[in-house]
Amino acid sequence: MNVPFCTIIPPYLLRRLAKQDAPQYSAAARAAKEALGHVKTVHASRTQAKPDTPPALRPAKPGPPNRTVYDAQGAETLPGKLVRKEGGAATGDAAADEAYEGLGHTHRLYADVFGRDSIDGQGLPLDATVHFGRLYDNAFWDGKQMVFGDGDGAVFGRFTASLSVIGHELAHGVTQFSAGLAYRNQAGALNESMSDVFGALVEQYVGNQSAAQASWLIGEGLFTPEVQGQALRSMKAPGTAYDDDVLGKDPQPDSMDSYVRTSADNGGVHINSGIPNRAFYLVAEALGGNAWDAPGRIWYETLTNGSLSTTATFTVFARATAAAAVELFGTDTKEHDAVRRAWETVKVKL
Amino acid sequence: MKISVERTGGIAAITRVWTVEATSESAMNQWQPLVEACPWDTVPRTPGAAAREFADAQPDRFIYSIRAGGRRAALPERAVTGPWRVLVDSARAAAEQERPAGNGTGSTGG
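Protein chains in written order, with full-length UniProt numbering: chain F, 1 to 350; chain A, 1 to 110.
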């Protein structure tokens, strides 16, 4: 057994196996120790913030996207059957074609606005798998690619239907390759918020919507008509995206006054993200115009300049955005003031 | 025996709970083997413990908290395989048969 072993067996079982000293388990124990060593290496690499390549060393112009879409055909094996490569004709399958287009739109935002060459800044191919699982009501980033389910048909339709969701998943990749925010507690909520921010920006950029025109909804159109709700989350008004007899009410807080302490959802990463989400919205609202301009630049700089630790708290992040605003626009400028006021409104101390 | 499966996380972060009550002997005969097949003693019991055990969480994936009688387990989605997957899928299917599309409670008395 070698490295792939550790991708399947969870660490607690590896530790148990590694402790086996009976002769018949010696091979398994040795493999487990090797795999644990690999796990530690992976964890160590993920717990170090990785500043992006300095601007002077980046390619002058990001390259074109290199997209590949696969079809899992209802199975849960990745990547699945290749159905569309870069430049290939539309497949006629809505999920596959939405994924392909969504990857392109997201790549374009990062390239055009932030000068970033794909999610790793170095032209990483963009892979996505659609039709994952049976009635699978989720989408996720597995560390290498995006994965989209078709929804259960009762609560959710297919997850490729929302461009902000596609942008959200790709942004997890950007975070992984830049600040490497841990996916737990406040750092995890910041990780989630970054995905919502850049997911929303993809949608706004493609639609050429100003901050005032945008819906600021994440996952609009994913719910079936049976559900009383507009979207998964509202960045403008966290806690108001849905209120349904069966699903309950959107639990997101809109300030630290209603911060949710929980061990569920990796410490409430999708819940407390409402607080930094609203802070970004407030900056965009205060500055007006397009949110991908000054607000987007401040948040992107914060994410990628290497100043954040992987366990950053809301306060650390807020200070980093204020510092980025000063770096980009100067002290006491309207951008700097907008950032300070936004965090004050959501009651995160600077 | 009461069996409950709570699913948190996912990009939507909408908590779903599926509960089954095995109240008759035949229902117990159906559910007991599914419960016994799971290695309860080798997995974390709470979401917090699961987060520590599986530190390299994948963004937007589900987290499951499973209870059967007095036994508890908490697992990230990628560890819900083999007998755990059978138990989770069976509980969800039974609960949704009673109350489609929602957080369901099913009673398998028959």
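Hint data in this document are derived by calculation from the structure and do not stem from the laboratory.
Don't take every hint at face value.
Unchecked claim - Footprint (simulated), chain A over chain F, 3 or more residues, beta carbon under 8 Å:
| no. | stretch |
| --- | --- |
| 1 | 113–124 |
| 2 | 339–349 |
To be verified - For the chain F half of the interface with chain A, some residues (derived, Cβ under 8 Å), not all of them:
| no. | residue |
| --- | --- |
| 3 | N191 |
| 4 | A237 |
| 5 | T240 |
| 6 | D243 |
| 7 | L247 |
| 8 | M256 |
| 9 | D257 |
| 10 | Y259 |
| 11 | L328 |
| 12 | G330 |
| 13 | T331 |
Think of the CB as a built atom: it goes at the ideal place given N, C-alpha and C, for glycine as much as any other residue.
Verification of the hints:
{"no.": "1", "hint": "113–124", "verdict": "violated (count 0)"}
{"no.": "2", "hint": "339–349", "verdict": "violated (count 0)"}
{"no.": "3", "hint": "N191", "verdict": "7 Å, holds"}
{"no.": "4", "hint": "A237", "verdict": "17 Å, violated"}
{"no.": "5", "hint": "T240", "verdict": "15 Å, violated"}
{"no.": "6", "hint": "D243", "verdict": "12 Å, violated"}
{"no.": "7", "hint": "L247", "verdict": "5 Å, holds"}
{"no.": "8", "hint": "M256", "verdict": "19 Å, violated"}
{"no.": "9", "hint": "D257", "verdict": "20 Å, violated"}
{"no.": "10", "hint": "Y259", "verdict": "15 Å, violated"}
{"no.": "11", "hint": "L328", "verdict": "27 Å, violated"}
{"no.": "12", "hint": "G330", "verdict": "35 Å, violated"}
{"no.": "13", "hint": "T331", "verdict": "35 Å, violated"}
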